[in-house]
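Residue numbers (my numbering), protein chains in the order written: chain A, 1 to 352; chain B, 1 to 352.
Incorrect hints may have been included.
Identical chains blur together in the list; that is why a pair holds if it fits in one copy or across any two.
16 Å max Cα-Cα, derived EDC-like pairs, lysine to aspartate or glutamate [said to hold, decoys possible]:
1. K314 to D118
2. K91 to D335
3. K314 to E85
4. K16 to D163
5. K314 to E60
Think of the hints as simulated: they come from the structure by calculation, not from any bench.
These are the residues of each chain, in order.
2 protein chains.
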Amino acid sequence: MKSIQAVSYPVLFEKKAYLELSNLIDKNNYSTIFILVDENTLAHCYPKFTPNLATQKRIEIIEIESGEINKNLETCIGVWNAITELGGDRKSLLITLGGGVITDLGGFVASCFKRGIDFVNIPTTLLSMVDASVGGKTGVDLGVLKNQIGLFANPEIVIVDTDYLETVTEREIKSGTAEIIKYGVTYDINLFNEIKDNKSLNISDLIFRSVEIKNEVVLQDPKEKNLRKILNFGHTLGHAIESFYLESENKENLTHGEAIAIGMVCECYMSSKLLGFPIEKVNEVKEVVLSIYNKTSLLKEDFSAIMELLKHDKKNINGQVNFVLLNDFEDYKLDCKVSEELIVESMEFYNV
Amino acid sequence: MKSIQAVSYPVLFEKKAYLELSNLIDKNNYSTIFILVDENTLAHCYPKFTPNLATQKRIEIIEIESGEINKNLETCIGVWNAITELGGDRKSLLITLGGGVITDLGGFVASCFKRGIDFVNIPTTLLSMVDASVGGKTGVDLGVLKNQIGLFANPEIVIVDTDYLETVTEREIKSGTAEIIKYGVTYDINLFNEIKDNKSLNISDLIFRSVEIKNEVVLQDPKEKNLRKILNFGHTLGHAIESFYLESENKENLTHGEAIAIGMVCECYMSSKLLGFPIEKVNEVKEVVLSIYNKTSLLKEDFSAIMELLKHDKKNINGQVNFVLLNDFEDYKLDCKVSEELIVESMEFYNV
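Chain A extracted, bound-state conformation (with noise of 0.2 Å):
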């Protein structure tokens, strides 16, 4: 079996992982399993899944509704109610079966729950597998602002099987590419060009490849305070797209992908200005979205609420907006302050 060892747990491959997770359960000897699902998983997963869980424990399934918009605390309270009313305690297991809203939600409803109780995650779309495996980030929304309530917390066991991959739609598998795109320009070009060249794909291995860098980045600085912020490439202008798409009531929301590709784009563009990143390479990365993803139109009404949304982020301190930008390829360059003009050209660079 592959495996993966992050910090305290290891992320474990293919079938074999779930012998592992019935050793975890028959170890501590858990009083009752709660598995967390949307409406999608539990049609399309847990039928999955379940043929691979051998216990005798009692089994309970606590299903939340899909989608972005419920990743918030009034669903972690129905949760909470959910596992209170149907008997939970210290020595329950909490297993997650989802994308990253249910593992991002459920690790936090976990570690919460009577000051915490054991998790498992099991990620099923691309995007969870590949970003939300390692790091223990956990958490939810608050209003439109993405994961500002949450903790570090780390699961027991994670487990990517990539038959989960099979129950996606294309669009949520081009939305998990993004993160393999930022791997690979920020961290390990090969990953890129893999893409790039879009040569026969073998999804395990990209799988395989971006978890072990994250974790490599991870265990180096657990709480980010350095390097780790490189996993932010794209994502503090693309969250605040994200972000804006959500609440946008007439407009069609973006998968996160969708949003960080543009923000790698339009950060690839401030990178060339202020750093020199080559300009053929913000090019070829903004060929590669556009290969992959709809082009979005970013209209320039709207550019003042993405500043403001922009202004919330994590990362933020004193109120300076923090981008990580690109050297190079593979060569990055922390808290580097952007004004608001080259913010606003990024976006229109990617219009055009």
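Based on the hints, put chain B in the right spot on chain A.
Showing chain B alone in chain A's frame:
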């Protein structure tokens, strides 16, 4: 300056403590200082506090409504929104100024805001000084279930300044006294004897010794696997009684200490039946309790509702209620199972 070193932070006593607070603020160069108060501590404690705070930093006051009934997630959401609107960032400091509701809720709010900002606790009631100043427990209630949602998180410093006790009622002082009695009977009988003999109490000394004991216990067992459970003496039944009065609309609420005092009398009685704890000592505890607190009549028709609440105690595993009982003063036994009949009998013993 007197101080006690807790796991990762000092508990500082008397006026010099504020110098350390100023040093902390300078050293960490916080962006903004948020002070969490309720209407009472804003009116009575904040005026005592503010002359001691020497800083040029921006200070923002956030006020919540007083009372256990407001120790919930809705209040947290309000505080998180307020901090967000006031431009709080990861370098913000939250100072809690108040009783247990403020310090418990404030610690939780700080620990989850953008995955954790620093906080300082300044307990202003006797209860919060002796109980909440060490141990790292933060959290809020879920419905009537006390502290159901929360986590272990430590403040940067705690300041115990007995001047704040001038601002609270005698009933609140008595509420805190119950915890001192608990430290007495479970860990250091001198504390109990001092209260029993009611000789000129030096409240500062009682507080210092109580914090010292709690700290010794918590350092040995931070996550409440063993020894720390003694701090729950009187609380298992006491919490259920407290919750019951909180949710009963036609009954006056009990203070935490009033409920815990009843819980201690009952659990002493259980101890005598199950572990041979001497009945004279049970009566001694009952006498001291009744000399301090008004007698509450526990109604027979309420017993089943109290039993129902007991089943949700955080310490329960597999639905089994676990008590900490006494072999003798300063000699406890953990994880005792008690029959429903004996629990009821113990409440009848308190009643007569």
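Right, here's what the structure says about each hint:
Only between protomers do K314 and D118 lie at most 16 Å apart by alpha-carbon distance; the minimum there is 15 Å, versus 27 Å within a single protomer. In this assembly of identical chains, the alpha carbons of K91 and D335 lie at most 16 Å apart only when taken from different copies (15 Å versus 42 Å within one copy). Proximity of K314 to E85 under the C-alpha cut-off of 16 Å is restricted to the inter-copy arrangement: shortest distance 13 Å between copies versus 34 Å within a copy. Taking the closest pair of Cα atoms, K16 and D163 come within 16 Å of each other only inside a single copy of the chain (13 Å); across copies the shortest separation is 62 Å, beyond that limit.
Proximity of K314 and E60 under a CA criterion of 16 Å is satisfied in neither setting, with 35 Å inside one chain copy and 19 Å between copies.
Consistency with the previously given hints fails for number 5 only.
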